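A.B. asks: What follows is the residue order along each chain.
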Amino acid sequence: MIEEVEAGWEVSKSEVIGETHLITVTMTSVDPNQFTEELHNKLHNDLTSHSHRFSVSTNLFTFDHEPTDEDIEEAVTNSGFSPDLSPSPKPSAIKAVTTGEVDILEYSATIHPTKYLELFNMIPISIEEPPTSMSLKGDWLYLYYIVADFTPPRQFFTEEFFIYSVRIHKDTGVVRRKGYRQGLGLSEEVTSTLEGFSSIENILGTGFYLDEDLVTIYYMKSSDEKDYVESFAVVDTPYYGTTWEDGNIIRTREYKRNE
Amino acid sequence: MAYGLTVNNDSGQVIIDSDISHFHFAGKYNSASDVAGGTLQNHTGNTDNDGGNFPYANLNSLGSTVGHIYKYNITQADISTKPPMCFIKPTSTGSSAPFAGIIRMHFESGYWKVELLQSTHTNPGPVLYVFTTLDQLTLGSDSYGLRVMDSSSAVTFDSQNRPLRIKGSGDITSPSLAHTGSLGSSWLATLDVNCTPSSMTHSASSIAIDKQIYYVPSVAHCALQYTHSASDSGIHDWNSYAWARNDIYWAFYRSSFRILSTSTLQCSYAIYYRGHLARTAADSGFVLSLSALFGNIDADVGSAGMVPYTNSSRNVGESQGVIITNSDWYA
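First to last, the sequence lines map onto chains R and X.
When the letters of the first sequence are read in order and numbered with the numbering used here, they come out as residues 1 to 259.
When the letters of the second sequence are read in order and numbered with the numbering used here, they come out as residues 1001 to 1331.
Isolated chain R, as found in the complex:
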């Protein structure tokens, strides 16, 4: 349930002592994010990061004359009051860094709605379920689905994964799918064919390409405590992802938050 709070200020007490006007003002600030009940329910059902914050302060202002509303407005503004509560620090976009390529930013539907919508409107096919986040790399739009109960986006997947991504060509609408599992989801028979696999430690997850002969393994940057990754879906701590094609490494990317 969202507690409905209206931003603004109001005089809660007023008194005149001699020529001094003592005005106590109650000031309410709210998070500028506004949610419909439907959207709010969806955010909760999907465990999508969001907040609805507000704060209330009372402060005393003194005047040497009977203040007008404009006088009080000026005083409360000068005291630092804003009806829009500074939003909680929100994580910046996830950035994929690949040597020799342009960095790619991933925009969340709730945290970066403007950029997200810009990309979403570029999708040339009808989308039944809006993705959690999106990015654009070259001519390909990437749609990422992070679902609380891991329910697959049925338009593209039937099998259950930890995370889902769909790559759609922005002109042709060609679709390529990838499902992610936590940990190493490959047999030793497969990993033994992967170039340099023996040097990889602290594996976080595996990306399975459903329409291509590719595989990606995600792993921590090192065994140092500072590089410990709690969840590779969140990307609070940078980590690597190496992709193989026919057993050969074709790229290694670093995933981190945009600074």
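Hints in this document: simulated from the structure, not taken from any laboratory.
Since this is a predicted model, take the numbers as computed values, not measurements.
Beta carbons: idealized from backbone N, C-alpha and C, even for Gly.
Be careful, since some hints might not be right.
Stated by the list, open to error - Just a few of them, taken from the derived set where beta-carbon distance is under 7 angstroms, the chain X residues facing chain R:
| # | residue |
| --- | --- |
| 1 | S1182 |
| 2 | S1229 |
| 3 | I1235 |
| 4 | S1313 |
To be verified - Covered by chain X, according to a simulated footprint, are these stretches of chain R (three or more residues, beta-carbon under 8 angstroms):
| # | segment |
| --- | --- |
| 5 | 14-23 |
| 6 | 53-60 |
Given chain R's structure and the hints, the job is docking chain X onto it.
C.D. replies: What follows is chain X alone, placed relative to chain R:
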């Protein structure tokens, strides 16, 4: 009148009147004990929520500096009907000196208990020069001097008992508000006294500054109050969270005084009691209501009786009578 004595000065002011019980010196008193002014501060409630950005700042801050209270036990024959008159000999003078004022007198356990509030702590505290009527004192045994009685033969003036000699007097008005400007920001209040002291010029400048002692009542001023509250809930890192926090800061002021120069007494305020209550709740359920926390805070402060009137101003513009005399006369 058909009998008695009246002595006037050359301005026609009464100096001695046999029908008036004059005040006489009853002794010097150092404080018997001292204690910091009152503080009501606590935080209750949990703060650990799962991933939310709970505001931990200043949960135990106080937002102001409380004054120091010195307690004196005054010996007097009648402890029920005739309170003594207490002059303050301050610990220091000048623009850096603390402000002091007598805030309470009551009789208890055979003493007149006097409490003096000083804006900062000093050791020792101020000294009280106490005056009372002659019926509370032992009369002198000298065979010379002037002794005056009223119609019932009660002694009302005796030169041997060092009557109170008023050297300077006047009226002083306390500043209109102890703290001017914003009372705080976010989770921290700023309620310390910051007003410009008011001043009174008097005619006792012939008394050396370190010999002056003054009598002036301290009056209650107001409780300035600052509140801040916030709540948040949502989803962070796949976890639901919710928290609410509600803080109330307040300070209760009494007027107090200092000797600025040989001819000037100043009036400002000292904090008698202060408080900061923080109430928090945090968990992963969306069940918190900020309004519920408001209720808890109000009940706590109200039940302690600590906020008689808030964000207001009392006893300003009212002249407070000042009397100044010379401590050397009562050494």
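A.B. asks: Look at each hint and say if it fits the structure.
C.D. replies: Against the structure, the hints:
1. S1182: Holds, because the Cβ-Cβ distance from S1182/X to chain R comes to roughly 5 angstroms (cut-off 7 angstroms).
2. S1229: holds (5 angstroms)
3. I1235: Holds, because the Cβ-Cβ distance from I1235/X to chain R comes to roughly 5 angstroms (cut-off 7 angstroms).
4. S1313: holds (4 angstroms)
5. 14-23: With 5 residues closer than 8 angstroms to chain X, the segment 14-23 of chain R meets the three-residue bar; holds.
6. 53-60: Contact hint for the segment 53-60 of chain R vs chain X: holds, 8 residues under 8 angstroms.
Checked against the numbered hints above, the structure violates none of them.
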